[in-house]
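Peer 1: Okay, here's what each chain looks like letter by letter:
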Amino acid sequence: MAKKSNAANKVEHRAPPPPSGAVPWKKDFAHALLLDMLRIRRMEEKSAELYGAGKIRGFLHLYIGEEAVAVGALHALGPEDNVVATYREHGHALMRGMPMDAIMAEMYGKREGCARGRGGSMHLFDAQTRLFGGNAIVGGGLPLAVGLGLAAKMQNEDRLTACFFGDGAVAEGAFHEALNLAALWKLPVLFCCENNLYGMGTAIERAESQTDLVAKAAAYNLPALSADGMDIVAVHETMQEAVATVRQGKGPAFVEFRTYRFRAHSMFDAELYRDKEEVEAWKARGPIHTFTARLKAQKKLSEKEFLALDARAQAEVEAAVAFAEAGSWEPVEDLLKDVLTPAEATP
Amino acid sequence: MAKKSNAANKVEHRAPPPPSGAVPWKKDFAHALLLDMLRIRRMEEKSAELYGAGKIRGFLHLYIGEEAVAVGALHALGPEDNVVATYREHGHALMRGMPMDAIMAEMYGKREGCARGRGGSMHLFDAQTRLFGGNAIVGGGLPLAVGLGLAAKMQNEDRLTACFFGDGAVAEGAFHEALNLAALWKLPVLFCCENNLYGMGTAIERAESQTDLVAKAAAYNLPALSADGMDIVAVHETMQEAVATVRQGKGPAFVEFRTYRFRAHSMFDAELYRDKEEVEAWKARGPIHTFTARLKAQKKLSEKEFLALDARAQAEVEAAVAFAEAGSWEPVEDLLKDVLTPAEATP
Amino acid sequence: MSRKISYREAMREAMHEALTNDPRVFLMGEDVGRYGGTYAFSKGFLEEFGPERIRDTPLSELGFVGAGIGAALGGLRPIVEVMTVNFSLLALDQIVNSAALFRHMSGGQFSVPLVIRMCTGAGRQLAAQHSHSLEGWYAHIPGIKVLAPATIEDARGMLAPALADPDPVVIFEHCQLFNVEGELPDDWNVDISSAKVRRQGKDVALITYGGSLPKALAAAEILAAQGIDSEVLDLRVLRPLDSASIAAAVAKCRRVVVIDENWKSGGLAAEVVARIMEHAFWELDAPVARVCSEEVPVPYAKHLEEAALPQADKIVAAVRGLLGKE
Amino acid sequence: MSRKISYREAMREAMHEALTNDPRVFLMGEDVGRYGGTYAFSKGFLEEFGPERIRDTPLSELGFVGAGIGAALGGLRPIVEVMTVNFSLLALDQIVNSAALFRHMSGGQFSVPLVIRMCTGAGRQLAAQHSHSLEGWYAHIPGIKVLAPATIEDARGMLAPALADPDPVVIFEHCQLFNVEGELPDDWNVDISSAKVRRQGKDVALITYGGSLPKALAAAEILAAQGIDSEVLDLRVLRPLDSASIAAAVAKCRRVVVIDENWKSGGLAAEVVARIMEHAFWELDAPVARVCSEEVPVPYAKHLEEAALPQADKIVAAVRGLLGKE
Ligand SMILES: Cc1ncc(C[n+]2csc(CCOP(=O)(O)OP(=O)(O)O)c2C)c(N)n1
Ligand SMILES: Cc1ncc(C[n+]2csc(CCOP(=O)(O)OP(=O)(O)O)c2C)c(N)n1
Ligand SMILES: [Mg+2]
Ligand SMILES: [Mg+2]
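Residue numbers (the working numbering), protein chains in the order written: chain A, 1 to 347; chain B, 1001 to 1347; chain C, 2001 to 2326; chain D, 3001 to 3326.
None of these hints come from the bench; they were simulated from the model. The beta carbon of each residue, even a glycine, is placed where N, CA and C say it ideally should be. Worth double-checking, as some hints may not be accurate.
[Said to hold, decoys possible] One-sided and incomplete, this derived list gives chain C residues near chain B with beta-carbon spacing under 7 Å:
#: 1; residue: MET2105
#: 2; residue: SER2111
#: 3; residue: VAL2180
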């Protein structure tokens, strides 16, 4: 399931067969991860609705279709680990343990949001769970992850930094400089590439001369793996393998998750660049319904249990929306707050 | 002699045995290339002397020890080809056909210099011979070479762009973005890496997680070769092979020349970072005396002929110095010239 | 005669015309092709001009801007679209150290006939990393020209002379203007050298450009209702600045407010103030005032974003302050 | 009591002290280790503090500056040396979009206690790509502080408070100052918040910083010989600017020349002029004059380079112009 860097790994737009086979997990664990995927899915669906209603503004990048990646990957990390994410990070924030209330309130621009409404959808930060941000600069998080890894190593902290980024970021110079620095200095950084085949409207084969990202990453002299990002079992187990490699302290690793974005890139996207068939074929591989079907086939999940989990997810979303609606606006007099650190807050 | 990208190619500080073996060239051609190496060597030695005398100022980066690369490589190009170089480009300018007079006058800052003294040692430009500059930003020339290749391809010009850069530039994001763009768009660009094992005081193994630059370049899906940069025969034949590959029009290629800088990085360098033994061992591989010895062994060169060639080189240098000395200073009233293009000169 | 079109449509027409008239012209940037242009400026171009001339690039700002410079050196006339000024930070080295300097460093041997277009500004709740206004930075660099089309006519007319210019020209298009509609006269005629008076007045001069022009005009209307007659000067060309037009506006009104969306400290408005100090000090009846963005990264929340940016009411207040009418 | 040391030595002592006193402090940059520092600022540090804390980096300005930001977020106190401001263009995205914005975008959750040092300025015949002075650009960015030590005391004393500061601090060291020697009082005491008067005077105020300070002081001596008494104000802190000290100098002298090495258009001097316009307009007896670099990339040839930069004689001429003594 995890492809080693030597295996040929050419990218394919044609959707492979849907994830299948027995789920090797205990029922509780499987249900927990299914619930998390549902929490993200329902939150994102609601966010899209709220965007239409004008409650959420700016750019909104949905994670629908990619849930298995954040859920499967982040369940392989511990609370002491660092996470660096992108502007498509709602799911990652939720998986790190940020309350959905704080996420929703932030997207509303309310004072009760994780950043008091200063950052919005693309900038979810949480010191508590060591989430070092959504970042709206493609590739911008990679050098930061190198530095977080360097700090952990120099302070002898047993702390790994997982850095998420998309296939589009691979063409940026920041990717090259960051992978080289991390591998050169043998830092505990795990580079997690969410390869959904497109950077906005640009297909990977029109952006990369080498579309085998595992081969590309391996050229920096680090272990590189790939997994089916629509198969939460593959994601989680590959991530565990990669995490174990990094925890050995011999340096960074790279893991590619092959996934697909079911919705538009952002709320302003006519999707002229890909055809319905391709999208439908990938939807047939949807991480939630395929996982659900496998669990049912194994009698590890009943329809009743599924509905109960889904109801929990929806209830959480409704509560988060109510929380955000009830939230307040930061007073305009505080506009200049948090440009610099007030003396009393000095670390 | 030319290593393919699949061959293991780890970098070694230990100097390999000196270049040896029969020189497969006609006497005239061998003498011409020997003369060119001597012209560069004598010009650089004189430049160092003139720097000491305060005639040349600013940064001065000498090419002593690396002559076989510019001479062997540039003799494989035609006048229609483009060349992009670095701040260590005196030899490249000379090989493209820029008169030594113009180079020397430029280093003096005289109006008779190729850029009227505006650019100096690091910025030798020559429209006539399509030399698109010395560039003082490490890696700065690589994206330009991509664009020159793009222009040639879009205008169906049978023109190759050779881009020279050092091992230190490989860590820059510009290298990554440029190789990817050139390979992705199949452009007629030949990336020529002058690997002298150091970027200023930083040895390549302290700068690159993957010191096999051929493997690194191959990860962009392009043909990559390596040659002994102290062996002018290897340089020239490998360059010819790479040029032929690029001229097929199927895309760019990469070639590494393993060489060594005999002098300090610039005129301000205590050389604390490498020991005398290493330098001496590499000097034993000097491109000029080893080539001379091989020719003599083959009776393709007599001591008398060698002295005659060297005398020619020295005479050219003396003439260039005289030219520069006799040169004039651009009037200060013209200070603001060439910031923008005057209407009449509009291309 | 004239016709009503949007800023976006005007810009699209200008590019279409350039691509049609000159085979050396091509458009390169992220998602200019298959996506149809991030802001739909190049919708349909791929089908009409093909992938060679409507060239989608990978996310490699430093690389493709540098490639644009090289392509210009190689004989083409590239229009390089950097999606937004925010991402242009990644390409600044090539713009400053290659495009702007080659003519000079080569002693006049190599010019760089390149046009770089980018979207600038805030106002769409895109938060701090996507809301910069760094025109002032670009206007600091010798060797390039900097344009800020704020009207339909300039959106339609500035590209052609920019492409005809032998040196690098950077065009800033404010994101808030794209959907603005207006009348384009059939006999439009546009230069890239002078500032233009967009509203005649005598009591106060509002000097601005780009996305702040509509705000200045709105303020002028409010002030007019209060009996204050404002002249509005649109700088249009940010480098080189048209000092003569600035001085003329000062001489005429004797009171001045400079408005731009840069952060106040070190923004373009500061240079305009310095020019007035040098060229028209004795004409002033009061110190020149600035209305710029507050010294804070642009916040996401709408009410905070609005408070952070120049607005008509702030301009009105500044003018009343100058006239001692707080 | 005092002792004579060079600017380089003072800087070296400051770093040595920081590395000795705080295990969280480390130095990272190109050739800071084995090479001994491009300008020998860190000579011997590698042997004393080891390769982990005196970290040579590859040529990856964007990468290692970003890594410095991450290391600061991770609990360390990095001193990142960017060899020169010219190369910092490659790292601007990380400085502007990460270092300067994180505190704000995170709603105050994450500060970035990072110090970035870089050499700036011209005067060594290094030509256009190696002679930039872009302090004005950095001083435009909310979220960072910008320092310009111009004296031995500031070279020795500014680093400690910069490292103690919870936010990113950028320190510009002018390449022409490194070999300057001077007296360092044993009781030196340095802040990073105020401008300082380096010479008392009453006829004209010369406001400057960094590499231009010695030129302003030299001009003051020449003017003194001509009976013109100059006050010289060293800004020291370029962001936030000390407007009060600027206004005080204006109020005292009523005539002002602002000197810096940025290109004149849009350089730091423009902001100083704008501050004077806003805070001290009525105190002026004449328009403020600027002596900055000419609007040309810095040429290599010595006579042209000198002509392109601010010089004492240009300052003298500007002052005499203000006093109507051309
Ligand atoms: C440096 C930079 N350039 C361009 C953009 C505009 N942009 C935002 S997302 C995006 C596509 C990124 O694709 P990818 O990295 O694959 O992530 P995905 O959106 O597919 O998750 C682009 C071009 C940006 N935000 N930053
Ligand atoms: C972007 C940038 N960073 C740093 C420097 C300073 N510098 C000049 S040459 C050099 C070393 C370059 O090494 P390499 O590419 O191997 O070329 P070499 O000098 O060995 O020929 C450095 C660090 C620079 N000129 N440009
Ligand atoms: Mg993607
Ligand atoms: Mg080298």
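Peer 1: Hint by hint, say whether it matches the structure.
Peer 2: Hint by hint, here is what the structure shows:
1. MET2105: Result: holds, 4 Å to nearest chain B Cβ.
2. SER2111: holds (4 Å)
3. VAL2180: violated (31 Å)
Comparing the model with each earlier hint shows a violation of hint 3 alone; every other hint is respected.
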